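Student: What follows is each chain in one-letter form.
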Amino acid sequence: MNKHETTNKTIPTARSKTKDIVRQSLKKRYNRERRFKWHGQAAIAVALLLLLILFFSISGKGYTAFQQTMMSLDVYLDPEILDPEGSRDPAVLARGDYGGIVKATMRRMFPEVTGRQDKRALYALVSSGASFMLHDKVMENPALVGQRVSVWVPADDEVDMLMKGHVSRDVSEADRRLSDQQLVWIDQLVTEGRIQKQFNTAFFTAGDSRDPELSGIRGALTGSLITLVITLMLSFPVGVATAVYLEEFAPRNRWTDVIEVNINNLAAVPSIVFGLLGLAVFINFLGFPRSAPLVGGLVLTLMTLPTIIIASRAALKSVPPSIREAALGVGASPMQTILFHVLPLAMPGMLTGTIIGMAQALGETAPLLMIGMVAFIVDVPSGIYDPSTALPVQIFLWADSPERAFVERTSAAIMVLLAFLISMNAVSVFLRKRFERRW
Amino acid sequence: MRKTCLKSAVLGVALFSFTVATAAAQTARDYINIVGSSTVYPFATVVVEQFGKTTKFKTPKVESTGSGGGLKLFCAGVGVEHPDITNASRRIKKSELETCHQNGVKEIIEVKIGYDGIAIANSKKAKQLSLSLRDIFLALAKEVPDPKGGEKLVKNPYKAWKEVNVNLPNQKIEVLGPPPTSGTRDAFAELALEGGCKTFSWIKAIKKKDKKAYKKICHTVREDGAYVEAGENDNLIVQKLESNPDALGVFGFSFLDQNLDKVQGSAVNGVMPKFELIANGQYPISRPLYFYVKKAHIGVIPGIEEYLAEFTSEKAWGDEGYLTDRGLIPMPRKERLTFEANVKSQRNLNM
Numbered sequence: 001m002n003k004h005e006t007t008n009k010t011i012p013t014a015r016s017k018t019k020d021i022v023r024q025s026l027k028k029r030y031n032r033e034r035r036f037k038w039h040g041q042a043a044i045a046v047a048l049l050l051l052l053i054l055f056f057s058i059s060g061k062g063y064t065a066f067q068q069t070m071m072s073l074d075v076y077l078d079p080e081i082l083d084p085e086g087s088r089d090p091a092v093l094a095r096g097d098y099g100g101i102v103k104a105t106m107r108r109m110f111p112e113v114t115g116r117q118d119k120r121a122l123y124a125l126v127s128s129g130a131s132f133m134l135h136d137k138v139m140e141n142p143a144l145v146g147q148r149v150s151v152w153v154p155a156d157d158e159v160d161m162l163m164k165g166h167v168s169r170d171v172s173e174a175d176r177r178l179s180d181q182q183l184v185w186i187d188q189l190v191t192e193g194r195i196q197k198q199f200n201t202a203f204f205t206a207g208d209s210r211d212p213e214l215s216g217i218r219g220a221l222t223g224s225l226i227t228l229v230i231t232l233m234l235s236f237p238v239g240v241a242t243a244v245y246l247e248e249f250a251p252r253n254r255w256t257d258v259i260e261v262n263i264n265n266l267a268a269v270p271s272i273v274f275g276l277l278g279l280a281v282f283i284n285f286l287g288f289p290r291s292a293p294l295v296g297g298l299v300l301t302l303m304t305l306p307t308i309i310i311a312s313r314a315a316l317k318s319v320p321p322s323i324r325e326a327a328l329g330v331g332a333s334p335m336q337t338i339l340f341h342v343l344p345l346a347m348p349g350m351l352t353g354t355i356i357g358m359a360q361a362l363g364e365t366a367p368l369l370m371i372g373m374v375a376f377i378v379d380v381p382s383g384i385y386d387p388s389t390a391l392p393v394q395i396f397l398w399a400d401s402p403e404r405a406f407v408e409r410t411s412a413a414i415m416v417l418l419a420f421l422i423s424m425n426a427v428s429v430f431l432r433k434r435f436e437r438r439w
Numbered sequence: 001m002r003k004t005c006l007k008s009a010v011l012g013v014a015l016f017s018f019t020v021a022t023a024a025a026q027t028a029r030d031y032i033n034i035v036g037s038s039t040v041y042p043f044a045t046v047v048v049e050q051f052g053k054t055t056k057f058k059t060p061k062v063e064s065t066g067s068g069g070g071l072k073l074f075c076a077g078v079g080v081e082h083p084d085i086t087n088a089s090r091r092i093k094k095s096e097l098e099t100c101h102q103n104g105v106k107e108i109i110e111v112k113i114g115y116d117g118i119a120i121a122n123s124k125k126a127k128q129l130s131l132s133l134r135d136i137f138l139a140l141a142k143e144v145p146d147p148k149g150g151e152k153l154v155k156n157p158y159k160a161w162k163e164v165n166v167n168l169p170n171q172k173i174e175v176l177g178p179p180p181t182s183g184t185r186d187a188f189a190e191l192a193l194e195g196g197c198k199t200f201s202w203i204k205a206i207k208k209k210d211k212k213a214y215k216k217i218c219h220t221v222r223e224d225g226a227y228v229e230a231g232e233n234d235n236l237i238v239q240k241l242e243s244n245p246d247a248l249g250v251f252g253f254s255f256l257d258q259n260l261d262k263v264q265g266s267a268v269n270g271v272m273p274k275f276e277l278i279a280n281g282q283y284p285i286s287r288p289l290y291f292y293v294k295k296a297h298i299g300v301i302p303g304i305e306e307y308l309a310e311f312t313s314e315k316a317w318g319d320e321g322y323l324t325d326r327g328l329i330p331m332p333r334k335e336r337l338t339f340e341a342n343v344k345s346q347r348n349l350n351m
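Line order of the protein sequences matches chains E and L. Numbering of the first sequence is given in this note's numbering, commencing with residue 1 and proceeding in unit increments. Numbering of the second sequence is given in this note's numbering, commencing with residue 1 and proceeding in unit increments.
No lab work stands behind these hints, which were simulated from the structure alone. Each hint should be verified, as a subset may be incorrect.
Said to hold, decoys possible - Below 30 Å or equal to it, Euclidean Cα-Cα: the simulated DSS-like pairs (lysine-lysine) are:
1. E:Lys61 - L:Lys155
2. E:Lys119 - L:Lys72
3. L:Lys56 - L:Lys216
4. L:Lys93 - L:Lys72
5. L:Lys155 - L:Lys72
6. L:Lys148 - L:Lys124
7. L:Lys125 - E:Lys119
8. L:Lys315 - L:Lys58
9. E:Lys103 - L:Lys198
10. L:Lys125 - L:Lys212
11. L:Lys53 - E:Lys164
12. L:Lys315 - E:Lys61
13. L:Lys155 - L:Lys172
14. E:Lys164 - L:Lys112
15. L:Lys58 - E:Lys137
16. L:Lys334 - E:Lys197
17. L:Lys124 - E:Lys103
18. L:Lys125 - E:Lys61
19. L:Lys274 - E:Lys119
20. L:Lys262 - E:Lys61
21. L:Lys212 - L:Lys72
22. E:Lys137 - L:Lys53
23. L:Lys262 - L:Lys124
24. E:Lys137 - E:Lys197
25. L:Lys53 - E:Lys119
26. L:Lys315 - E:Lys137
27. L:Lys142 - L:Lys216
28. E:Lys103 - L:Lys274
29. L:Lys58 - E:Lys103
30. E:Lys164 - L:Lys240
31. L:Lys125 - L:Lys148
32. E:Lys103 - L:Lys155
33. E:Lys197 - E:Lys164
34. L:Lys53 - E:Lys197
35. L:Lys93 - L:Lys240
What the hints assert, rightly or not - Using C-beta positions, here's what the derived DEER-type ranges look like:
36. L:Pro302 - E:Ala426: 45 to 53 Å
37. L:Ala28 - E:Leu418: 36 to 44 Å
38. E:Leu48 - L:Lys148: 53 to 61 Å
39. L:Glu306 - E:Arg116: 52 to 60 Å
40. E:Gln24 - L:Pro245: 19 to 27 Å
A quick note: this is a predicted structure, and the numbers were derived from the prediction, not measured. In this text, a Cβ means the ideal position worked out from N, Cα and C, and glycines have one as well.
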């Protein structure tokens, strides 16, 4: 009894003690919790900040590339130069000296220039692409020969850099790529309205070039597109079929375990290894051509397969067993169950996985290095055997070019690549939101 | 069930062999395949583009694989799946030529295209330096002759340029340069470091006794942070120099030429890295650039002869050609004529 009393007595005191301890530590605990939350918020803030810095530095450097300094020339398509015999034969016109016509136009605009060196400096203001533009114009419409036409041609990249403020006028003449005399000419042309910045269509319609003002991403973009189509066509059916078999039919035994472990391991293999495999198997053994999107697509397929399989299996797993049981219960065969009930429900998840895999493949350069897709290719590829590059490879090549104007083009190409990646991810989010079913 | 299985298997095999067959058919290549040095790449691509635009031939493909990688591909054999031309920022080695011969690439035309200077530059915000090859060696080699005298090597003790040479400013030694995988680095080690190394007569004497040891002394760059490997991208080095006025950078002349408003070249042995001075051979750190042509492919792949003619024309590699606008240092006229004649007569390379 006595003992009991004491315990009775001690319990309240013990209780009040715990309560006190709790009360005393409460503030500390709240603080700790708040700090924990802050850590999370700070982490997100840092990530966002870095992302913003990345975006701003890239678009800050790159946005100017979407404009190109153009020069207006009043060209006289002199028949004496282009077609002295007057035959208007396309073969003769194709061989004409269009460079000479551009030079003559420049001389007419600045008749006071006579010295050989001065003339060279004058001709340097206009891009070497001007003569090819005239060539194309005449080939399209031979009736233009003998007429005066006013055309906008790209200015040289040095002029472009000056107009965009990427080179300073203040440094001494010897340290500039443009001489004082050239600056005077440029200023005169600007006041006459003959030099203007216009939207840079060449950037989207041209292939690679060593002249920044003529270079574009069309070739690289087409190459990426062909490669991705091949990757998608091969990896999606194979990936989905693998996932369906492993998830719905495969017995659980040692073999399927081995396969499963290997698929998971394959997802973690560095991409350059797939490039080496592609070089050994597709190019050296099977004799596929180097630098072809076909080989690129095959290599990227190997790389994306594990991603797609893992995502597809997860999607299949998330379809509740009751759906399968119900289908089987009303007499559907296992194949009907899978094709008409399970697959449609798992499809959004599978597509999401596929798109993420594709986005990964789009940004990949390392395996392409091994199979020769890091190359200077001017012509836009038109088939799976044509030599081609890919968008990230183009960025890599431009970043390494000495010409100053490639700096902004590099950033602009990165912006295009990012836009593609973001839109692909947006599509995958949309698909998930639109078609995902919750139980 | 088994029948459909068999059917689809047959279909799969047929599809696969079809792709292989078409790939094999495709190997009748109608464009020139060029591989090789990343230093020659900016020059070769300009010619390639010009060639593609002004002739009826397709624009050749130029892959940047590095000199060694390019020669390996080039020497792998004769046939459309192998490259026709390889660029190199050094001469082909005897061992490489032997591999070529073993693989059936018996006849090669060697074409030297000009020179490339290697500049040692710093930011315009800093003082322009004048270095000797000896200064460069002492500042950057891993082991240097004991500063206290005597013919023995010690670990490089120098921390500032002033310690290397009293005429130089009291500035920390910090040089940004290419990594060992780069051809520019090889050339820098061979021309600049070895050039300075040779000025010590007792080290030069080692060369006769033990070539390997000599090379190790003269070509090994210090690894204690004074030499920073800044990657293959020369643009990156220029940008880093701009933000760090104390540092020096090592890169190709064309990058100096394009960025004269940001960086300035240092004089080496009293000679500035200027176009004319590299061209006449006074500037000590410059190297020849080459390309090699597989003779067996001439006439098989369309356009090789015309491409060679374009490259060796005065309007391309001449004193005022479009390659010099890109920073290529042309050869003297006499040398150009020799190589042009070699190309015309398709003279075989013998070593």
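Student: Just to be careful, I want the Cα atoms of Lys125 (chain L) and Lys119 (chain E) compared with a cutoff of 30 Å; is the pair within it?
Tutor: Given that 30 Å is the threshold and the Cα spacing comes to 34 Å, the pair is violated.
Student: Regarding the pair Lys125 (chain L) and Lys212 (chain L), is the alpha-carbon distance no greater than 30 Å?
Tutor: Distance ~41 Å between Lys125 (chain L) and Lys212 (chain L) Cα, so the pair is violated.
Student: Assess, step by step, whether the Cα of Lys53 (chain L) is no farther than 30 Å from the Cα of Lys197 (chain E), and give holds or violated.
Tutor: holds (26 Å)
Student: Take the C-alpha atoms of Lys197 (chain E) and Lys164 (chain E), compute the straight-line distance between them, and say whether it is at most 30 Å.
Tutor: holds (9 Å)
Student: Please verify whether Lys164 (chain E) and Lys240 (chain L) have alpha carbons no more than 30 Å apart.
Tutor: holds (22 Å)
Student: Below or equal to 30 Å on CA atoms is what counts here, so check Lys93 (chain L) against Lys72 (chain L).
Tutor: holds (11 Å)
Student: Straight-line Cα separation of Lys212 (chain L) and Lys72 (chain L) no greater than 30 Å?
Tutor: holds (24 Å)
Student: Just tell me: holds or violated, for the beta carbon distance of Gln24 (chain E) and Pro245 (chain L) against 19 to 27 Å?
Tutor: violated (58 Å)
Student: Does Lys155 (chain L) lie within 30 Å of Lys61 (chain E) when you go C-alpha to C-alpha?
Tutor: Status violated; Cα separation ~44 Å.
Student: Mind checking the hinted window 36 to 44 Å against the Cβ distance between Ala28 (chain L) and Leu418 (chain E)?
Tutor: holds (39 Å)
Student: Does the structure keep Lys137 (chain E) and Lys197 (chain E) at a Cα separation of 30 Å or less?
Tutor: holds (22 Å)
Student: Are the Cα atoms of Lys125 (chain L) and Lys61 (chain E) separated by 30 Å or less?
Tutor: holds (23 Å)
The earlier numbered hints that this structure contradicts are 1, 2, 3, 5, 6, 7, 9, 10, 12, 14, 16, 17, 31, 32, 35, 39 and 40.
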